[in-house]
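Asker: Chain by chain, the residues:
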Amino acid sequence: MDHLIILLIFLAGAFMEYRVLMKKRQVRDIVVSACFLSVGVALVLLRQLQVNLPSPMMGINVLFKPIDLFMSRLLK
Amino acid sequence: MDNEKLTIRQMTMWFILYQLGSAFLVLPSNLASIAKQDAWISLCVVLTVQLLMIMVYGGIAKQLHGVPFEQYLQTLLGQWLGRLFLLLFTLMYPFLILSLVLRDLADYITTLILPETPMSAIFVLMLGVVIYVVYCGVTTIGRAAEVLFFLVMGLLALGYVPLIPKMNLDNLLPVFEFGWKPVVHASFTTMAFPYIESILFLYFATHTKKPQEWRRLVIKSSLFSGSLFMCVTVIVISVLSQGVVSTVGFSSYFAVRTISFSDFFERFEIAVSVIWFIAIFFRMSLLMYVSAKGLSTVFKMKDYRSLLIPIGLIAYVIAGTVWPNTAALFTTFRIWPFYAMIFGIICPILIWIAGQIRQSVSN
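Top line first, the protein sequences correspond to chains A and B. Counting along the first sequence from 1, when you hit position 7 you're at 7 in the numbering used here, and nothing is skipped either side. Position in the second sequence (from 1) plus 1000 gives the number in the numbering used here.
Hints are supplied without guarantee of correctness; some may be wrong.
Claimed, not checked - Simulated coverage check for chain A against chain B, where a stretch passes if three residues somewhere in it have a Cβ under 8 Å from a Cβ of chain B: (1) 6-13; (2) 37-45.
To be verified - Away from chain A, derived, C-beta distances all over 12 Å, residues of chain B: (3) Met1092; (4) Arg1103; (5) Ser1306.
Just so you know, the hints here were simulated from the structure itself, not pulled from any lab data. Remember, it's a predicted structure, so these values are computed and weren't measured experimentally. For glycine and all other residues, C-beta sits at the position ideal for the given N, C-alpha and C.
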């Protein structure tokens, strides 16, 4: 529930932003911004439905763990 | 709104506050957990490496010839490769750090100050403020940095000068007890957090008239924040001993908590919290500005302002999922320097070499 309230706040801000952009007729800005906004909205809805989103740090941890082990052993 | 001019003074103060940001609270415990009482020597190593890297950044700034950094990448690597590189760089570095910093702040607040507040509330409040100030433009942030810088310095003095009488310099002995290897190992984390992120200052290299001025102000801000860190680390380790500092989570906060004059003047640690809030605010505003500017250049948008709310929303979600608990945070923290070094050390060197090749080819 709390995620949806926050989503509404962000969407209200985005709505006011789009009104300004529509007046200036900057189509490219609207399209790119709408793409990112839809990604954001999708992620928030997934969070609200309590889907476990993968964290980028877990990927980084897996990739760089050998280097960390190597450095720790080197500098013991 | 075209508020895009920054003076040198504003830039120096913004960079100092940026570097003071995340590292200030966790730095002493981080350094001391590996280097024990030689933590302040690690800072000397870090500053030396940082000055070397600033030479590289200064070299890149000289190659820019007034072109903004994002567009320079396109002239260097060609249109498609340059935009792809910028996209990957922006998504994988400043944007990720934005989420990490946000989550760090919320962790700190929900652990120490407001334990019953959900993290989403803190995320929204901080993101709201940062989005608004970046929307207002860079000049506004520069002016805010000028004003708040003195407040932060005053609060730092207020928090740490009362600790000086309680310093016990024997806590810093023996020097080099375990040799030089822990000192170098401890310097990795401080390198990554915040000093390697100085590559993001290149986005501001065109706000100065000459690249030498930019290099000088980056050197000034790094030395200033480095000496601040050294003072704080020496004070914290000598007041609490190295055993406490290496185990307690937020040791600068904890050290200030011990100030008590005649049982009446207490609770100085709020000063540290305010310092950290302000520093995190400037850190997040720089990161958000850099991410928005980079992404708007990739997609050839006219203005970066329309991207701020989507970036904020995605950062809000990623900050919620970045690590599930403190144990995962420690693992991430140990591995982060090596990931950051790719973007902060290897990338600038490659860009500089590519720039040199291009210059010698065109001559």
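Asker: None of the hints should be skipped; say for each whether it holds.
Answerer: Each hint tested on the structure:
1. 6-13: holds (count 5)
2. 37-45: holds (count 6)
3. Met1092: violated, 8 Å
4. Arg1103: B/Arg1103 is in fact no farther than 12 Å from some Cβ atom of chain A, at 10 Å.
5. Ser1306: violated, 4 Å
In summary, the numbered hints that this structure violates are 3, 4 and 5.
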